[in-house]
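Visitor: Sequence:
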Amino acid sequence: MSGEGAGARARQGRAWSRLPRVSPAAVAWLTAVWVLLWGSLNVLNVLGGVLVALVVLILFPLPRVDLRLRLRPVAFVVLVVRFLVDLVRASVEVAWLAVRPGPVTRGVVMDLGLAGDDAFLQTLTAEMVSLVPGSVVIDLEPSTRLLTLHALGVRSRAQAERVRHKVRAQEARVLRALHPDPEALLDPRRRRHTSDAEETR
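If you read the sequence shown in my numbering, its first letter stands for residue 2, the second for the next number, and so on.
Hints were generated in silico from the structure; no laboratory data involved.
List of simulated lysine to aspartate or glutamate pairs, EDC-like, C-alpha gap at most 16 Å: (1) Lys167 / Glu94; (2) Lys167 / Asp112; (3) Lys167 / Glu128; (4) Lys167 / Asp87.
It should be emphasised that the depicted structure is a prediction, and the values quoted were computed from it without experimental measurement.
Could you put the whole structure together from the sequences, leaning on the hints where they help?
Guide: Rendered as structure tokens:
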């Protein structure tokens, strides 16, 4: 009997181990969204939100994301302050384009190669670019590091290059604030050396 009981417990343990691990933070976030959707905070809504969150996370587990980040406080402050400055400046520029007399303002679609190799930081760069008025990210291919965006008010090659420079500068600030070794990606000589080393492996 003891052997059968141990075997049953072992099978039960293996069954539990096959279930996806549930993050408490994800449960809390989904519960908060559930309560906000219902519009009232009470015990029943909270318990219902927890139950729904557990079911969703077990049936549709989130993919595992390995973040290789290193926060640099000074560079992070520079990133946030410059983003807010760009946000205000671009808002004024887009507002002027909307009300100024003259022909209808048009935009262009352009492709831009990113320097970063981390999908999370690529996505963060794309989101910050999209949040600044006048530019909308259409597509991002992390494997090829290709960013496609629509830029407003671009009528010449020089203006297109200025947009590309702004996006690359935004990515550089993200990398310097959060990447473990940003200069390996931003310094052309170190990038060439790293690429050569990877090819010789």
